[in-house]
Amino acid sequence: MELLAVFPPLFAFLIAGLFGKNIGDKGCQFITCMAVIVAALSSISLFFDVILTENMVDAAYSTVLANWITSGDFTVQWALKIDQLAIVMMCVVNIVSACVHVYSVGYMSHDPCKGRFMAYLSLFTFAMLMLVTSDNLLQLFFGWEGVGVASYLLIGFWNHKHSANAAAQKAFVVNRIGDFGLALGIMAIFVVFGSIEFDTIFENAEQHAATTMSFLGFELHALTVICLLLFIGAMGKSAQLGLHTWLPDAMEGPTPVSALIHAATMVTAGVFLVARFSPVFEYAPIASMVVTVVGATTAFVAATIALTQNDIKRVIAYSTMSQLGYMFFALGVSAYGAAIFHLMTHAFFKALLFLGAGSVIHAMSDEQDMRNMGGLWKKIPVTYAMMWIGSLALAGVWPFAGYFSKDIILESAWADHTWFGDYAYWMGIAAAFMTAFYSWRLIIMTFHGAPRASEKVMSHVHESPSIMLMPLIVLATGAMLAGIVFYGGFVGSSTEHHASAETHAEITPAAGDEHGSDTHESETHHRSSLDVNVWSKEYFWHDAIKVLPHNDTVEAAHSAPFWVKKMPTAVGVLGILLAYLIYMVKPGSAAIIVRIFKPLHVLFFNKWFFDPIYHCLVVTKSLALGRLFWRSDKVIIDRIGADGVAAVSSRFAKGLSKFQSGYVYQYALVMIIAFITIITWFVLKADPSFYSVSNIQNVEGLIR
Amino acid sequence: MNMPPILSIMIFLPLICAAMVALIRGEKGEEAIVEKNIKHLSLFGSLFILAFGLFMYQNFDPKASGFQFEEQYTWFQSAGISYHLGIDGISVFFILLSVFLTPICILASWNSVKTRIKEYMIAFLVLESFMIGTFAALDSILFYVFFEGVLIPMFLIIGIWGGKNRVYASYKFFLYTLLGSVLMLLALLMLYVQTGTTDIPTLIANPVGFEMQKWIWLAFFASFAVKMPMWPVHTWLPDAHVEAPTAGSVILAGVLLKMGGYGFLRFSVPMLPEASLYYAEFVMWFSVIAIIYTSLVALVQEDMKKLIAYSSVAHMGFVTLGIFSFTQQGLEGAVFQMISHGVISAALFLCVGVVYDRLHTREIGSYGGLVKNMPIYATFFMIFTLGSVGLPGTSGFVGEFLSLLGTFQVNTVVAAFATTGVVLGAAYMLVLYRRVIFGPQDNKDAAEMKDLTPMEKSIFIPLAILVFYLGVFPNVVLSRISPAVTEIVSIYEAVEATPEQASFGPENTNTEEEEGE
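These protein sequence lines are chains A and B, in that order. As numbered in the working numbering, residues 1 to 704 make up the first sequence, in order. As numbered in the working numbering, residues 1 to 517 make up the second sequence, in order.
The hints are simulated quantities; they were obtained by calculation from the structure and are not laboratory data. Mixed in with the good hints there might be a few duds.
[Stated by the list, open to error] Okay, derived cross-link-like pairs now, DMTMM-like style, lysine to aspartate or glutamate, Cα gap no bigger than 25 Å in a straight line:
#1 LYS164/B <-> ASP366/A
#2 LYS379/A <-> ASP369/A
#3 LYS161/A <-> ASP303/B
#4 LYS21/A <-> GLU448/B
Bound-form chain A, shown alone:
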């Protein structure tokens, strides 16, 4: 079953990629869509088999496929590790990917290279599945780089556009900086643990809690070093502050790509990595602190930027970055289950938002600037409704998915009771306010008010075909129900009867709907036999996630005070109201507010100046250095080296040639000198006693 959940996309990619010409565009679309749907069904079936087993045993297992690298005591295998965490990720990846595949059939219908596009999507899906099912770090790295390449190919898919190529290249190179950390982390793990297999690492993590290793000339706490290096990798992939600049540019790719790769799946790989390494991060509190601070800052900064952007996709891109920040600070405060929970709900509603935005762009004849939109809601009502659902979920309004996952993250941060936990909580609250605000700014600017597009464009506006709307509806179902259904499993308490646990008992059938809608699977209710207490995070995750008892912030979050729990919703509603006031009631007031907060607006609008600063500090400097070195190759090394030798010898030859003057007396002179020299040499050599001490005395005697 696990093979069926992972490998169909690879075969689809190979067939569509190698024989795309033979089977035609239709054939490519059919085969790739079918492959991913098969994979999605298989992973849902795994979900039932492994996670929702009747008696709640740990049903995780690994399947070894082949040996990969064996070098001394370094061994790596191709293997699929099927545990709870992997399955959740597989379900998310496959379901969203299936939706995006189907959606792309409609969205790319005017593109000449449909087959290639579908092939790349399948390649991406396969690489992502390899990433989440790996049982060792190197296979994870394989998937990690594989999704990077697929992302590179897809961002630059419209390769006649200069900006698309630049963005693709930037994405790959910036990701490589993260990979630099990840690669070093893998090496450090091998040095410390003697293996890079997850099971070995996690079993021995506790033993190494006090181990130190020498790194970069310092003697440092080994697990902290490892975790920070891994986190650098996660920062690159998940666009955390500092290595985030590639994500907004990646919006140059076709919109389905943004939905699949740059919102739902690939960018969450970093979150997955840290969650996977929860048994190690638990023993590296300093690393966890860094993760929290970076995550919280990212959530805040990205939200501020999203406030001011005008490109509909960029707003959503920065929103993605902000939500990833939430996931990271959840990881940092040991709320791993909450982070994965948010990862899942976010995958649904953010993919929904992107595909909805794609539907808008499609309707508007490829217009992406919200300033040129407006007044669309009557013309594309289904898309409009979908955007509402996505935004409600994003803003965290009950009972949409984001409400549950975002709240538990914020509560966990508060329940951590550390300075960085508090920092994360308040940053998260601020970001939640801004999230609600920019979401409704987006909706109002896009759909309401007077149409600002040209007559011609407006007359073309049409609702998308049903092949594009179907996936939207599937995702919308997820965005509405994923939170309420899975709350108990992902983050529910096992010790006390929590309110939501009862909620869950009531809506169990809805869970069946959620799957049924996208899979048309019969509503098998394995879960009907469960009792409420068992539907909790301990039983859901088993050993896939490890939290030390004193770090269990998710547990503590359930008993957070009332204001802590209600604050996110309150600021969310406030944000919506404010957006409504500014953009709907008094449309001109936005400009006035911008004028009042001019410096802040400049800062936010220019994305905190990360790009120009990097350009100055890194790009131009490296190029200058490259030119300098290149010149030094010519000017210094060659002048001393080969050219120097050549020059010296030619000068020597020129000198020699002067001797050939043609005058006999000069030749004669040289010959005589040479003759004398040679004779002297032989005489001296033949009779060493000639210049011995006694002889010298003899000579002196003669002189006297």
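With the hints as your guide, set chain B onto chain A.
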């Protein structure tokens, strides 16, 4: 098992083939037929040798340590020099690489070489013979003869069939490598004077004293570092590559550069363990400088071949790092990296050759948007670019990662600096790819170029398969390298157990770092 003297056959077959090519003559007016015959004879000859190579590989015992297919005949009895051949897990792959790349080179020159085709083919066949000899020789004088012999056909290939500036490039190539070689000869003579033998296995078994080792090591280093090439004696390589014909670049990058690394593994490392340890840190820092320095230089190149040439220097930096980590992973990674680079860089130079044949310029700016008119070419180019970048799943990753892993165990600072090469590598290769393949089609002539011919496809397909096969199942290679590497590692474990020699002093290390700035 009674085996035929397969190594000798493989060394002499190309020479016989070359002699036969030399004998092909024709009347006036039959030039076309003669040319065709020459090409076919060389191709089939080289394919025949490739078959022999595969036969050798089939019969190679992957688990045995020590040398296999050994042959030994007395040569100069008075001096104790013998004609001694044999291969172990390291050399078998270099021989395979040589016999694999030669037919590809002949195919690549099929239509692009127009003048003196007979001499050209002879040069390549002689070159093949010498390359096999270099990797099979187990007597240091015999090795030296082959090692130096390689220079002559290569010098001619660059000097006669090269580009505009070929004479400068070929002399530079010759001067640099010869200078190193002279010192190596000196070192070999010193070893002979000290031990009375030129037999490589005997020399490995009986190391000389530490002080002597240090001098001999430096002399060897001069030779192998130039061949590698290591920074700062790398400047001959870009010029040689740029001026060499495509096939010349392929052999140069694919096999000739590996002779330096092979020399380290056959001479410096096993024969002079104490000295190698003593200089290890110095070599590592030079390697790191090479990786960063040449990657940055590659970033600003405007000439496709120069860019790939500089990237070769960077990739060879990983090899020296791996070798001088003296760990199992590092050494195996270094060998693997050499093999993988042999395939990938050869393929990349062939990619340049494809467009050069059509447009006769190597200027990156002259191309652009090739994906439109040459989609198959773009796909192959992408595969080899990703291999060069070191994407997991391609062969480039395994060697790079294992060398770095070996280095990390010894020196984390060096490993961290070297890993930045991975970022830079992605940068310069993608810049190249983007400017050549993507973007608008500014040059009309470039936009009208035809996609790959069937012959070009037949060249690229085996290379592409190899890149992926070695990336997904590297154990095919690694398991065979392993016994030979284990022997080297055990030498070092023994040496490190006896704390007699000091490592390279800290004050010296500092000066190296300053040089690097």
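Would you mind confirming whether the straight-line C-alpha gap from LYS164/B to ASP366/A stays at or under 25 Å?
Roughly 50 Å separates the two Cα atoms, so the pair is violated.
LYS161/A and ASP303/B were given as a pair; does the straight-line alpha-carbon distance stay at or below 25 Å?
Distance ~24 Å between LYS161/A and ASP303/B Cα, so the pair holds.
Taking only the CA atoms, is the gap from LYS21/A to GLU448/B under or equal to 25 Å?
holds, 21 Å
Straight-line alpha-carbon gap LYS379/A to ASP369/A, limit 25 Å
holds, 18 Å
Of the numbered hints given earlier, the model fails hint 1 alone.
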